[in-house]
Amino acid sequence: MEKLLLRNVDKENSHTIEVYLRSGGYQALRKALKEMSPEDVIEEVKESGLRGRGGAGFPTGLKWEFAAADVKEPKFFVCNADEGEPCTFKDRVIIEKDPHALIEGMLIGAYATGCRYGYIYLRGEYPIGKRILERAIAEAYEKGFLGENILGTDFSFDLYVHSGAGAYICGEETALIDSLEGRRGEPRIKPPFPVNAGYLWQPTVVNNVETLANIPLIVERGGKWYSGIGSPDCPGPKLYAVSGKVKKPGVYELPMGTPLSEIIYEHAGGIVGDRKLKAVFPGGASSSVLTPEEIDVPMDFPSLAKAGTMLGSGAVMVLDETDCIVKTALRLIEFFRHESCGKCVPCREGTDWLVRIVRRIEEGQGTESDLDVILSVSETMENSFCGLGMAAHNPVASTVKKFREEFLRHIKLGRCPFRSG
Amino acid sequence: MDSFRIVIDGKECEAYPGETVLQVAERNGIIIPVFCYHKELRPEGACRVCLVEVEGAPRLATACTLKAMPNMVVRTNTERVRKARAGVIELILNNHTLECPICDKSGECELQMTGFRHGPKKSRYAEPRREKDIVIKGPLIEIDNDRCILCRRCIRMCGENMGNRVLGILKRGYQAYISPFKGDFVESGCEHCGSCIDVCPVGSLLDRAFKYKDRPWRMEKTWTTCTFCGSGCRLEVDTYHGRIKRVVGRIGVNSGHNRGYLCVRGKWGWDVVYSERRLKKPLLRDGEGLREITLQEALEVLKERVCGKPVNLYVESSLTNEELELLSAVFGRENVTSDAYSFSQALSGISEITGRFEADKLSSIYSADIVFVIGDFIEEVTPVVATLLRLSVIQKGKRLIRLGTFPSKLDSVAFQTLLVKEEELLDTLKHFIMGTLDASYTSNNRDIDRVAKVLRNKKVAFVLGGMTLFSPDVKEVAKTVSYLADRLVSKSSVVVVPPKANAIGVAKLFDLKKPSELEGEVNVLVNVELDRDFPGTELKKGFTVLFSPYYTPDVALADLIIPVETGLEKNGTVEGLEGELQLRSSFKPEYSLLEVLRALPLRQVDIRRREVVLNCELGHTKLRKEPDQLYLSVLLGRTGWNSVSYYSENVGKVATGRVLLLNPEDGRGREIVTLKTSGGELTVPVEEKEEIPKGRALLRIERFTRDVSKLLKGYFPSVTGIPCKLLSEA
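Chains L and W are the protein sequences, given in the same order.
If you count by this note's numbering, then the first sequence holds residues 1 to 421, one letter each, in order.
If you count by this note's numbering, then the second sequence holds residues 1 to 730, one letter each, in order.
Relax, there's no trap hidden among the hints.
Computed spacing ranges between beta-carbons, pair by pair:
1) W:R59 to L:K401: 19 to 29 Å
2) L:G152 to W:G183: 48 to 58 Å
3) L:V71 to W:F116: 48 to 58 Å
As a list, the in silico DSBU-like pairs of lysine-lysine whose alpha-carbon atoms are at most 30 Å apart:
4) W:K67 to L:K190
5) W:K39 to L:K190
6) L:K130 to W:K171
Everything labelled a hint here was simulated from the structure, so no lab data went into it.
Positions of the beta carbon are idealized from the N, C-alpha and C atoms, including for glycine.
When you get a sec, could you build the whole thing from the sequences and use the hints?
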């Protein structure tokens, strides 16, 4: 398949504006500003069927339409580059290797929605990305792609990079906005949604890095062409970050809906040492686990939802037969306990309780009734305030459901069977 | 607004646009348990206890954040809801300390009650309890984080409603805890209003003065009115066996106009009743010293030396109406002075325009479009009124405009703040009169023109208060404001915030004179502290009787001293911001002013009706100073107002010292200066602050002492706008 999102990353100095311009960069922006009205751009994006790549899969065109319809001024365009989930590293490739595609995507989005100012909320642990982005923005200002009256039109746009302070919760859009405002990053009550009342209670569009990298392609080649790629109901190219016990871990660009088995065995080269596959987390740390029998599922939003899990950010974590599932669940829930902001009870108390129970089981001190408690606490956690809490129990609850035998083995043996000695 | 119907638990309920499901349910008697929700606070949606099932929605929703929509069908008591609720309460209880037997909140704890009603019946928690063991102790407030359920009511109360932003959350997730931002209450700028304690659903935020003192369920609860300032707050006094244990405001339950909000004086000043400085026995000056006498002897002396003679009556204006009536009947009302003199000047200014010797009620701010505050330091003199003004912006969406000289806490919520020099205050108001009459008028000041434009054709509630009531221009300011209100839409109102609890009553009852104008032979001082209430004046010669609850410095000037009760021990009424306010007490003090007065013969009092002269001519400022002089303002701070911090041990813990605040250009790096007025000199430490306007010297004091009083010699009743000089070297 032709590389679309990753078309520039292998070129030397791909992060500079010269390389980007030489490969046809900022042509989509020129086309949008000179030949299309903001409504045309939104129409094009809607036709493409692009869905947000941050995890929730909300149709981007629709979000833009809501923001464009709001009359409050000024509006803000925010790029969510707070990629903080374990084993997720797809946005980093774009940020570090093709920052101008991101900037161009933001410019087109800001033009379509009427936003005057933009922020890239960058993960605090991406200092190199920050330097690259800041340099790219400076270059774009120099060439007249940012600032006042871009390309001689009435459209003006200023862009800033804001570095986060290392909180996973700030990937949640309202918490991100809180943090951007200089407050403690905690999710806000929705509604009102950010498109109507976001940054400084003004209309704010929040889009993921990968989503925005798709925009120049759509404008350049048309929404109709785009909608022909991959799954019909959520089309487009997708970056899959494959990690774990595979021979060739890395970021793979494949059409939406590529079967999980194909990603693991064909593109990532199969399991290390040709061992047996044990389990896969198809959408990052907060997704429910899949067993080897279930991996023929197409990797897109609706198919994975039907399989009882989610695409999330598209981070595929592969475990082989030598991995302890209880230990895995413990590590993942420990991450969520650490990253829970503490605002709502189910997430704050639930993650801690789950960590304590799973740790006890891993240490061989568990009882069978603990498993029922885990499932019941998970159910309570479904009522959390934001997506973090609602999904935090997934790695534990799904492993208990699908690998109950292994949990029971820990309980009966009184130790972890995978631990030597 | 058109109402619509929603169905909650099968019951058809009327709902209004913008209302939440919880509000509709509450009004219709359907109980939904809550922790983080509080009537007075912005909804947070954090505790997840108020979960309800909405037909058509896949997930349970929190009733506190869910806006009611037409034809919504809500269920609050299904198996699914009960299970989810119990699950959440179980999570809260898992690591909650079981300190109920010694917890001050036990008995009125919301976690106890909600846990009892909706919680799980059995614990499944097999882990050792997680202890945070973080206790933060301030002088009056203590946070016990082990008991905290992180509902964040205190944070929203402190940051949003009170505007202080002292409390916050440190760390995150399961380690999160509540703390003042700088780790210490005083350093973080805590005002000790006690509102955080009031809204805490559990025993995490504690009143240190009440800690381990008594049990909530066995105390006798009496609702009375606080008499420490003119806010006239309604509060609950909890007593056990005739001894006050604590005072609570009960925010959200309180039916008074203060809605339960209190300040440090109201919340903690109750221990003035048990002050060591209380007078225990009547005293008589005999030869060189004072000797204790019986009440009977004191009455004899009174009858012999005072009754029938022309009396100079000095009344402090937190006395009740009943006491004032009887005082005037016993001592006459020809020569009366009071600390409400300045306030009565404001009322007489208003009367020259309206023909009525009165101001409007504070509640008129709720029916106005714009609240126009004129005055400095309302938040120091009458803190709760400032809170109510702030809340009218935050909760009711009023536009607040403030005109004053010094920056104020209210400015953070103000639509526009106009800071002008004191001597220009009147001119600024006149610009508004012109600007609202004539759309083309310009004052050459953009801000003033902008405000004038906003005021045009709007219903405005003018609120005059704070230190401006003690300005030499007070009468003219009040008159000009009244004139302005008269020129606007007819329903505009003028509220004058009384500095003391019954200032309105005193001003209305007596035709007040200045102390220098008194013509009587004997002096009767009631509740008065001369330096505090009549700074810059001297007592007239003659036999002097002092009625006072405390051993004040004036005891040295008096010949006969008779102890009386304090405000919390009284029954009666005062004229407050919202009309007549009730004082109730559940115990009987040893000496009562009313009882003493009842034993004395009444005299013939001819009651003259107050003559109100209409005079629409607006005057000019009386403020005059030499070019090299500054204007001095003496501010009795929040804690020291009415000498509360002097007599109350609790409030004394958070009292501050005496300091002169200067603009750096006036201060010029000096650490200590000598302040000189026509009356005297005072050497004080200096603190330089950018916010203080140039040419102003703000003397912040905790208590009016002789030396401060001397500075103001001849300026009564003003404590601001006093010309002064700074002497370079101390």
